Amino acid sequence: MNVLIVEDEILLAMELSFLIEEVGCVDVGHAMSSADALAMAADLRPDLALVDVHLQDGPTGIDLARHIASDCGVVALFMTANVKRLPADFAGACGVVGKPYSEHGMKAALRYLDICLRDGRAPGLAPAGLQLAPAWAERWGVGDLPRIA
Amino acid sequence: MTTPGFLPPLTRRRVASREGEAAGRGDLERALAEKTALLHEVDHRVKNNLQLVSSLLLLQARHAADPVVRQALRAAQARINAVAIVHRRLFQGEDPERFDVAAFLRDMVEDVIGGSGRTDIRVTLDLERTDLPTAQAAPLALLISELLGNAILHGFPDGREGAITVTAAREGDQLRIEIADNGVGVPTTGSTPGIGQTIVKHLCSQLRADCQVADAGPGVRATVRLPLDGVH
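If you're matching them up, the sequences are chains A and B in order. Using numbering that gives the first Met the number 0, you'd call the opening residue of the first sequence number 0 and step up by one each time. Using numbering that gives the first Met the number 0, you'd call the opening residue of the second sequence number 0 and step up by one each time.
A hint or two may mislead.
Distance condition first, Cα-Cα at most 20 Å in a straight line; then the derived EDC-like pairs of lysine to aspartate or glutamate [to be verified]:
1. B/K200 / B/D214
2. B/K34 / B/D94
3. A/K83 / B/E33
4. A/K83 / B/D99
5. B/K34 / B/E96
6. B/K200 / B/E177
7. B/K34 / B/E93
8. A/K106 / A/E21
9. A/K106 / B/E109
10. A/K106 / B/D106
11. A/K83 / B/E96
12. A/K106 / A/D118
13. A/K83 / B/E93
14. A/K106 / A/D26
15. A/K106 / A/E20
16. A/K106 / A/D46
17. A/K83 / A/D62
18. A/K83 / B/D42
19. A/K83 / B/E177
20. A/K83 / B/D94
21. A/K83 / B/E40
22. A/K106 / A/E8
Hints listed in this document are in silico derivations from the structure and should not be mistaken for laboratory results. The model shown is predicted, which means the values in this text are computed figures rather than measured ones.
The task is simple: from the sequences and hints, build the whole structure.
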């Protein structure tokens, strides 16, 4: 799975890059502003874009997720400390990983989404650190899975 | 004391208060909204900074050539991560002054066991919902992180498979949290206590909790008893 990092905190982006490679995905690039992210999404067509809500040009991550989905067909996954502020429809993004995420939490989310995007179906319930958008959970058949405590 | 031509002070105050009531309420609402916004901003910064600290330690551990240094940085990172796990949940619930211990323990166990890569350790959770004051969240997280880390590291060395049970139950005016493994047993006698044991001892005294680590034959059972003063 090809992954684009959209994050204005450069050291977080550096560490994310390692996590992406460690789960067998490819880090295709890194943008710090919504304009750069939009251009890179159009150019590189990644399978997934990890999108922080606050970027160099302000709280533009939510609009960015909508744009890359409608203009380039790129799926976003939000990374934010403020999960509650996301719109109910997740702006078309497939879900959110809350900050501060752990190394394991982010890796588990990436592995899970890699399978979901490849098969069009979830391999089970989402791991603890990942909250799926309702529309994507339905598309991947997560609602049909048995609930476990 | 009334000066002719002027309203008495009490009446003046009444008129002023009636006129000012609507404006006063508006001011109060604005002040409250500002305070709430500020609180969210601070919460946002704390979470982002914890993320930065955690990622920095991971980066530094990657660049350490010496395995002992790498291990030390990893241990520090695990402790920061314990604090990060509770913070992720803070301000997401209805009451910012309380946190749900059961939900926290579920997150913590999944993260620590999952992060250890030990798929050969089975985990059973038996957790009763209890809300504790937010002020206790970080020290409790650090305490549980040490005990859980010990169970994995010392209980199941060299890929030995086994099981860990984590229990949280209210007993009278106490919360009992128990981490029991069926591993190789207590290696605590002898040598000077490590930083882990020191952290456990001091955090217990900070939390006014009692911690007993006992031979469970097989394995080890660590029991923490935490006072629940007026917690419901």
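Structure-based check of all given hints:
As the CA atoms of B/K200 and B/D214 are separated by approximately 18 Å, the hinted pair is consistent with the 20 Å bound. Annotation: proposed proximity of B/K34 to B/D94 holds, straight-line Cα distance about 16 Å (limit 20 Å). For the proposed pair A/K83 and B/E33, the alpha carbon gap of about 18 Å is at most 20 Å, so the pair holds. Taken as a hint, the A/K83 and B/D99 pair is honoured in the structure, with Cα atoms around 18 Å apart against an allowance of 20 Å.
For a cut-off of 20 Å, the pair hint linking B/K34 to B/E96 stands: about 16 Å separates their Cα positions. Simply put, B/K200 and B/E177 have alpha-carbon atoms about 16 Å apart, close enough for the 20 Å limit, and the pair holds. A threshold of 20 Å between alpha carbons decides the hint, and for B/K34 with B/E93 the separation of about 17 Å falls inside it, so the pair holds. Note on A/K106 and A/E21: the hinted pairing holds, with a Cα-Cα distance of about 8 Å set against a maximum of 20 Å.
The hinted pair formed by A/K106 and B/E109 meets the criterion: a straight-line CA distance of about 13 Å does not exceed 20 Å. A distance of roughly 15 Å separates the Cα atoms of A/K106 and B/D106; the hinted pair therefore holds under the 20 Å criterion. Between A/K83 and B/E96, the direct Cα distance comes to roughly 17 Å. Compliance with the 20 Å bound is thereby established for this hinted pair. Annotation: proposed proximity of A/K106 to A/D118 holds, straight-line Cα distance about 18 Å (limit 20 Å).
As the CA atoms of A/K83 and B/E93 are separated by approximately 12 Å, the hinted pair is consistent with the 20 Å bound. Our distance criterion of 20 Å between C-alpha atoms is met by A/K106 and A/D26, whose separation comes to about 13 Å. Straight-line distance between C-alpha atoms of A/K106 and A/E20 comes to about 10 Å, which keeps the hinted pair within the 20 Å bound. Simply put, A/K106 and A/D46 have alpha-carbon atoms about 16 Å apart, close enough for the 20 Å limit, and the pair holds.
Taking the CA atoms of A/K83 and A/D62, the gap is near 16 Å; set against the 20 Å cutoff, the hint holds. Among the hinted pairs, A/K83 with B/D42 is consistent with the structure: their alpha-carbon atoms are about 12 Å apart, no more than 20 Å. Restraint check for A/K83 and B/E177: not satisfied, since their Cα atoms lie roughly 32 Å apart, outside the 20 Å limit. Taken as a hint, the A/K83 and B/D94 pair is honoured in the structure, with Cα atoms around 14 Å apart against an allowance of 20 Å.
The suggested pairing of A/K83 with B/E40 holds, with an alpha-carbon distance near 13 Å, which does not exceed 20 Å. Restraint check for A/K106 and A/E8: satisfied, since their Cα atoms lie roughly 19 Å apart, inside the 20 Å limit.
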